[in-house]
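Undergrad: Chains as they are written, first to last, in the working numbering: chain A, 1 to 114; chain B, 115 to 230.
Treat the hints as calculated values from the structure; they're not laboratory data.
Be a bit skeptical, because a hint or two may be false.
In silico lysine to aspartate or glutamate, EDC-like type, Cα no more than 16 Å apart, as pairs [claimed, not checked]: (1) A:K68 x A:E56; (2) B:K178 x B:D141; (3) A:K101 x A:E56; (4) A:K37 x A:D27; (5) A:K101 x B:E173; (6) A:K71 x A:E2; (7) A:K42 x A:E2; (8) A:K101 x B:D202; (9) A:K58 x A:D27; (10) B:K155 x A:E15; (11) A:K37 x B:E173; (12) A:K22 x A:E39.
Letter by letter, the chains look like this.
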Amino acid sequence: GENVEQHPSTLSVQEGDSAVIKCTYSDSASNYFPWYKQELGKGPQLIIDIRSNVGEKKDQRIAVTLNKTAKHFSLHITETQPEDSAVYFCAARAYTGTASKLTFGTGTRLQVTL
Amino acid sequence: GAVVSQHPSWVICKSGTSVKIECRSLDFQATTMFWYRQFPKQSLMLMATSNEGSKATYEQGVEKDKFLINHASLTLSTLTVTSAHPEDSSFYICSARPFPSYNEQFFGPGTRLTVL
């Protein structure tokens, strides 16, 4: 089955700096890679996703890059703000119709300090 | 759009009792819903996948008779924890995939279950 590794487990940046979180996956059939933000005591919130036919996607301060050859994808947050502090999860899915499921990374706790 | 709700948000029960958690997709139809369990400072663990009108598919190691899942309609799925024990205490999160998408998946706010 799919295995997703995520690094770092914790990340502390100063407000205004950039943050990068990296994930690798094992199943070459995976073709959908979402990123979720989870605040304390809440459910994960989809913040950006990318499909395997695209190498990069950007949405304001958030961007995701995908390298299919190397089987890794990264989340980039620019101009970080205190409200970006949360746990971020990457995930991967191989499309097999309705039976497909997401495999999650272990999470990165991002702390944005003033 | 793409809002998923869960009820209750938290519940405390005595050991041996059963607890039902509801998951609703508020503004879309979901042919597939997922139930996850999350322990403190850990990742999400998929428990089961349910498709409307059919039996749920459970992940290896998850007891079907203990965690009953009913996906009765395109907007509602329920998880019943039967004969709950303290080790069942956890954060339970549901997720729904909008029809006809095969990719996007939206999560509910979670239910904190504490079994005394």
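Undergrad: Which constraints among the numbered hints does this structure fail? Numbers only, ascending.
TA: 2, 3, 4, 7, 8, 9, 10, 11, 12
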